[in-house]
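J.: Here is what each chain is made of, one letter per residue.
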Amino acid sequence: MPYADSEPSGGRTPVPVAIKILVAGGFGVGKTTLVSSVSEVRPLRTEEEMTEPGSLVDQLDGVERKTTTTVAMDFGRISISEDLVVYLFGTPGQKRFWFMWDELAYGALGAVVMADTRRLADCFPSIDYFERNGMPFVVAVNCFDEARRYPSETMRSALNLTDDVPLLLCDARQRSSSRDVLVALVEHAVARLSNGQHVTPAR
Amino acid sequence: MTRVNSNRAGWLAPDDHERVVRPYALTAGRTRPAGRSIDLVALVSAIRSRAGSELGIDDFSGLGPEHISLLRFCRLRASVADLAAELDLPLGVIRILLADLRERGLVSISQPVASGHTDVRILKEVADALRRL
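Going down the list, the protein sequences come from chains A and B.
Here the working numbering is used: position 155 in the first sequence is 155, and no number is missing along the way.
Here the working numbering is used: position 92 in the second sequence is 92, and no number is missing along the way.
So that you can see chain A by itself, here it is in the shape it has in the complex:
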């Protein structure tokens, strides 16, 4: 997205553009691997309110009054030019961090939902979220060596994907494979734009 100056600037040109892409999916599905194979990755910390489900997981003995927790997400950056940068955010996989997503989703170009055929249901909430949000997304099935392969149609049907949502097989460890996933997402966003379908998520 291009930027609007909040203060008068010295007529700086051209307008810098940031493309924000989310990488979502269940815990351990390979989000960090994908982000780090295409960019330098750094942890980004955020303080978040602890939810009820979270409080059952996090050990709270002795710190019962603690109401926030530190959440780390993966943050990657691909500088295309000085004025065009792609930011990748690997969103926390656990369901208890869902409340962070609205901020992450705001102004995002789209999302990569990563799936593991051994735990396909883990990516359902992500797919539901982006469908509800109207945000373009692609599904990238991370082909773990030990995981069974299924035909695309079988997976599409298991995921209940509509025909327009791209589904790709990928190996997140491979830079070229992760890159192809990102390209597919951008192309999908362009295709949706051409159909006038793009919806900017509301804050």
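In short, the hints are calculated from the structure, not lab data.
In this text, all values refer to a predicted model and were calculated from it rather than measured experimentally.
One should not assume that every hint holds.
[Unchecked claim] Some residues of chain A that are not near chain B, with every Cβ distance over 12 Å (derived):
#1 A18
#2 T32
#3 T33
#4 Y106
#5 A108
#6 D145
#7 R149
#8 S152
#9 D163
#10 D164
#11 L169
#12 D171
#13 R173
[Unchecked claim] Sample of chain B residues at the chain A side, in silico, Cβ under 7 Å:
#14 V41
#15 G62
#16 G64
#17 I68
#18 A81
#19 A84
#20 A85
#21 P90
#22 L91
#23 V120
#24 R121
#25 I122
#26 L123
#27 V126
Note that beta-carbon positions come from the ideal geometry of N, C-alpha and C, so glycine has one too.
Please arrange chain B on chain A, whose structure you already have, making use of the hints.
T.: Relative to chain A, chain B alone:
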């Protein structure tokens, strides 16, 4: 397997939350930044001169070391996310410190325009660049 049965039970709608943020030492207990909200990928630039003259020591009085570090890192334009990762501080803290600097006229913050990613020309440029990765 159908997604209709996916586990929505543990999924909390954002509206159900009332934000409770613990007081931060670095922000003197403040939990919200002053002024306009600051996006995750907003760009921050340090302002180094005013009315034609370099900023002096008075312009920086009362600032903490984290404020100064932020100014150093955004001497060249940097995104909020980059600054948080660079200083290894939570985003909420970074936002509050940046708002302080903005109030004092030490940084300018360019907010992204949400409708910007609807430019097909830019997106094609992005796709081409990614293919070359």
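J.: Next, verify each hint and record whether it holds.
T.: Checked hints:
1. A18: A18 of chain A is in fact no farther than 12 Å from some Cβ atom of chain B, at 4 Å.
2. T32: Fine: 14 Å to the nearest Cβ keeps T32 of chain A off the interface.
3. T33: holds (16 Å)
4. Y106: violated (7 Å)
5. A108: violated (8 Å)
6. D145: holds (23 Å)
7. R149: For R149 of chain A, whose nearest Cβ neighbour in chain B is about 17 Å away, the distance exceeds 12 Å, so it holds.
8. S152: holds (16 Å)
9. D163: holds (15 Å)
10. D164: D164 of chain A is indeed farther than 12 Å from all Cβ atoms of chain B, at 16 Å.
11. L169: For L169 of chain A, whose nearest Cβ neighbour in chain B is about 18 Å away, the distance exceeds 12 Å, so it holds.
12. D171: holds (15 Å)
13. R173: Per Cβ check, R173 of chain A is outside 12 Å of chain B; nearest 15 Å; holds.
14. V41: Hint on V41 of chain B: holds, closest Cβ of chain A at ~4 Å, below 7 Å.
15. G62: Violated. Min distance 21 Å.
16. G64: It is violated, given that the least Cβ distance between G64 of chain B and chain A is near 18 Å, above 7 Å.
17. I68: violated (20 Å)
18. A81: Since chain A brings a Cβ to about 6 Å from A81 of chain B, closer than 7 Å, the hint holds.
19. A84: holds (6 Å)
20. A85: holds (4 Å)
21. P90: holds (4 Å)
22. L91: holds (4 Å)
23. V120: holds (6 Å)
24. R121: violated (10 Å)
25. I122: Since the shortest Cβ distance to chain A is 6 Å, the answer is holds.
26. L123: holds (5 Å)
27. V126: holds (5 Å)
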